[in-house]
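K.L.:
Read off the chains here:
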Amino acid sequence: MIEGIPFRDDLLERYLCSHDISTPPLLKRFFKIADVVFQPEKEEDVLRILKLAEEKRIPVVPRGAATSGYGGVIPVKGGFVLDFTRMDRFEVDEDQKILVSEPGAVWWDIEKELNRKGLSLRVYPTSALSSTVGGWIAQNGYGVGSLAFGSIAENVLRLRVADFRGVREAQNIHLYAGLEGTTGIITKAWIKLREFEEMKAYAFHVSPEKAVSLAYSSGHHSALFLDRNYIKMKNEVFDDRIPERDTLVIVTGDKMDGDETLGQEIWESRFYPMKIKRLGPGIVPAEVIIPCENLPEYLHRISKYSAGSEVWFIRKNICSVLSFLPWDERKISYAFKLKFSFKALKIAKKLGGKSYSSGLYLSRESENILENYQELLRFKKEIDPDNLLNPMKVFPSGMISKIIRIAEVFS
Amino acid sequence: MKIGNQAINNEAFVCVQCHYCRICPAYSVLKWESVSPRGRMYLLRGIIKGEIEPDSRVVEDFYRCTTCGACEAVCQTSIPLIEVWERARSEFVNAGIAPLPVHRKLKEVAEKNGNPYGEKREERAKWAQKYQFKNDAGILFFAGCTASYRMMELAKSTVEILMKAGVDFTYAGEDEHCCGSPFLRTGQRDIAYWFFRKNLEEWKKRGVKTIVTTCSGCYRTIGKDYPEIAEELGYEWNLKVIHTVHLIWELIESGKLGFERSYEAVTFHDPCHLGRHMKVYQLPRRILEKMGYQIVEMEHTMENSLCCGAGGGVKSQFKDLALQIGKKRINEAIKTGSGMVVSACPFCKLHLIHAAEKKIEVRDIVELVNERAKPLNTD
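Line order of the protein sequences matches chains H and C. The numbers in our numbering rise by one with no breaks, and the one at position 338 of the first sequence is 338. In our numbering, each number is its position in the second sequence, counted from 1, plus 1000.
Chain H on its own, in the form it takes in the complex:
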């Protein structure tokens, strides 16, 4: 296809690289699949693929580990999928405490290497065991460490980004973070690090109100709150014996009087939030960002749907709430159960919140999620006038966003 760049154009690989972790009933029939899957090995490869895409007017969809569920990596209109598995090199500037990484590097591989050098990531996703640097920046997520350090975008110093004009080095991170590759494809990132610090996890059985005040009581690194429904589900799946009560886990370098054994047990399960899918098999998810003062009310309102929730506290008094409703995704009723996702978002918005991300399914939410949406829209049109960079994502267009809008209204 392009000399020297690994690619596959057989049906199987194209099929397998045309989805993420979401399981949208019915919608999938409107999606095309990738025409070709490329695995670039260096930045120059990305530029060569972009050149061909521009010449042939073919969409280009970057793909990390595809561990998100907003449809951001789905090649809805077909095209070239750029799987960054082979661009996974990284280096560490130990003096400046800066990570310089290619997009395909996996967060946990990096963290293990950093720990050997006495350093650590400031923030990492709960999917760190497989998710990639490029993927998480492109989604602009929150995760472990966000209580102390905010979103990943707040910790990125600089990006190298490829588009149809070439490569640019950008310090305007907001032009790319959370934009899912619609304004350019990340080829390298400079990320702030911290000194490695021994920390402990402490568990507290407290109400959501009390959890909010405890989480922000001092400069803690991370705070995770699990509601009792979620713990009940975890117990059922893990065969655990965690007390089925609302529980806050604080991870900190300070000494606290919480339950250390339970704290550690829950903390070690932080990478496995979706284990409860076994209960369906299938889960209906809802993920929102809300002001912390409204967390108790939000949890109260969605409790009637029998969902379980985990909450990550973020600095500046906001939190991300991920709720799951186990349901057999093979049943027709699964499509109706999806209204829970829309209901949860509506409730969150009424309480001053917003969707966690936009991607494909919630591209109409981008205006609420991205503070400078109009500026970004202008930038997108300037950089990508033919809308070839991950079309239909973040900036709504086409049928999918309309269908979702209708579904939202009916929910």
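Rather than coming from a laboratory, the hints here were simulated on the basis of the structure. Warning: the hint list may mix true and false statements.
Taking lysine-lysine pairs in the DSS-like style, the calculated list, with each CA pair at most 30 Å apart, reads [unchecked claim]:
(1) C/Lys1049 - H/Lys117
(2) H/Lys77 - C/Lys1031
(3) H/Lys112 - C/Lys1002
(4) H/Lys112 - C/Lys1031
(5) H/Lys304 - H/Lys316
(6) H/Lys42 - C/Lys1319
(7) C/Lys1327 - H/Lys275
(8) C/Lys1328 - H/Lys112
(9) C/Lys1049 - H/Lys337
(10) C/Lys1031 - H/Lys28
(11) C/Lys1002 - H/Lys32
(12) C/Lys1327 - H/Lys117
(13) H/Lys97 - C/Lys1335
(14) C/Lys1031 - H/Lys42
(15) H/Lys42 - C/Lys1327
(16) C/Lys1002 - H/Lys331
(17) C/Lys1002 - H/Lys337
Sample of chain H residues at the chain C side, in silico, Cβ under 7 Å [claimed, not checked]:
(18) Leu12
(19) Glu13
(20) Cys17
(21) Ile21
(22) Ser22
(23) Ala65
(24) Ser269
(25) Tyr272
(26) Met274
(27) Arg278
(28) Pro281
(29) Ser333
Virtual Cβ for every residue (Gly too), placed ideally from N, Cα, C.
Since chain H is already given, all that's left is putting chain C on it; use the hints.
P.N.:
Below, chain C alone, put in the same frame as chain H:
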């Protein structure tokens, strides 16, 4: 294609596609989604939903898995992936789109000779000519095909250990058949069932109560698959199955075996069939320590151990891939700084020697035990 197996039909929808299984040795070499465990699960799901029809290319990538079980050890939703891979391959065979050419050939050869190496049946016990065996006893030594035809020193070492320790045992010689492992792993269950019947018949004839084997693949097959096959076919199953390391440890504990101590540093490679498949991790290490060896662990060890690359039919069908995986494991062993990698499986030894290219010594634990064993009390 319709997938009849209910477990596959359920588990395909339990997979969350988190990709924690990216540690798969085949995927880490080839890097294509179709080779990854997650990709295979999504394919099965796609077949069930009628979204994709498997063809020869699909089947080929599905067979690039060594069935080592590394994916199962890290699976977020605790899917019994080894079982899924083997049953899915069986479904492909039933649908007429598998096995792959070399695997098909192995079956033809095994039907004729009772082993997949194409060696003569009458030469199966050639390694054992200098030993005298009882015709019947409570314990039977099952040598397996690799130790009978390729790694004979392991069969000999095992027999000599048992003799030094005064163990009363029998050996079926030319009447021993392949356990069927290569065929269960590649989805060709019918011939494995035939071997099951032949072996069981022989064991009954000899009054066997316990089977001991030095091959981890045979141990997994006879210890785990045979009881299930017996139930499926309606046979009574009351045999105890142990790996040689179990027996050696028993002999040490009962004071029947002692050692001339060594103070070398070695590293231990967990055979997938002994470790992840059968959960035996500590015993070989304890034996090595008892012999005085200092164990330096590799980066990936025990439940997270890297596969040698040979299993699941990969060595026979995809030689380059098997070798690349094997070299990764050898590099980990070399990094420990020890001069020797020890395993507990003839098939691992066979493959690791090939991958090591003499950069590190590769031995099996039974060889070391036999070389250093001192009979203490055989009364």
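K.L.:
Each hint should be assessed against the structure and marked as holding or not.
P.N.:
Hints, verified against the model:
no.	hint	result
1	C/Lys1049 - H/Lys117	violated (48 Å)
2	H/Lys77 - C/Lys1031	holds (25 Å)
3	H/Lys112 - C/Lys1002	violated (43 Å)
4	H/Lys112 - C/Lys1031	holds (21 Å)
5	H/Lys304 - H/Lys316	holds (29 Å)
6	H/Lys42 - C/Lys1319	holds (29 Å)
7	C/Lys1327 - H/Lys275	violated (34 Å)
8	C/Lys1328 - H/Lys112	holds (19 Å)
9	C/Lys1049 - H/Lys337	holds (20 Å)
10	C/Lys1031 - H/Lys28	holds (26 Å)
11	C/Lys1002 - H/Lys32	holds (24 Å)
12	C/Lys1327 - H/Lys117	holds (27 Å)
13	H/Lys97 - C/Lys1335	holds (28 Å)
14	C/Lys1031 - H/Lys42	holds (15 Å)
15	H/Lys42 - C/Lys1327	holds (25 Å)
16	C/Lys1002 - H/Lys331	holds (18 Å)
17	C/Lys1002 - H/Lys337	holds (28 Å)
18	Leu12	holds (5 Å)
19	Glu13	holds (5 Å)
20	Cys17	holds (6 Å)
21	Ile21	holds (5 Å)
22	Ser22	violated (9 Å)
23	Ala65	holds (5 Å)
24	Ser269	violated (10 Å)
25	Tyr272	holds (5 Å)
26	Met274	holds (4 Å)
27	Arg278	holds (5 Å)
28	Pro281	holds (4 Å)
29	Ser333	violated (15 Å)
Hints 1, 3, 7, 22, 24 and 29 from the earlier list are contradicted by this structure; the remaining hints agree with it.
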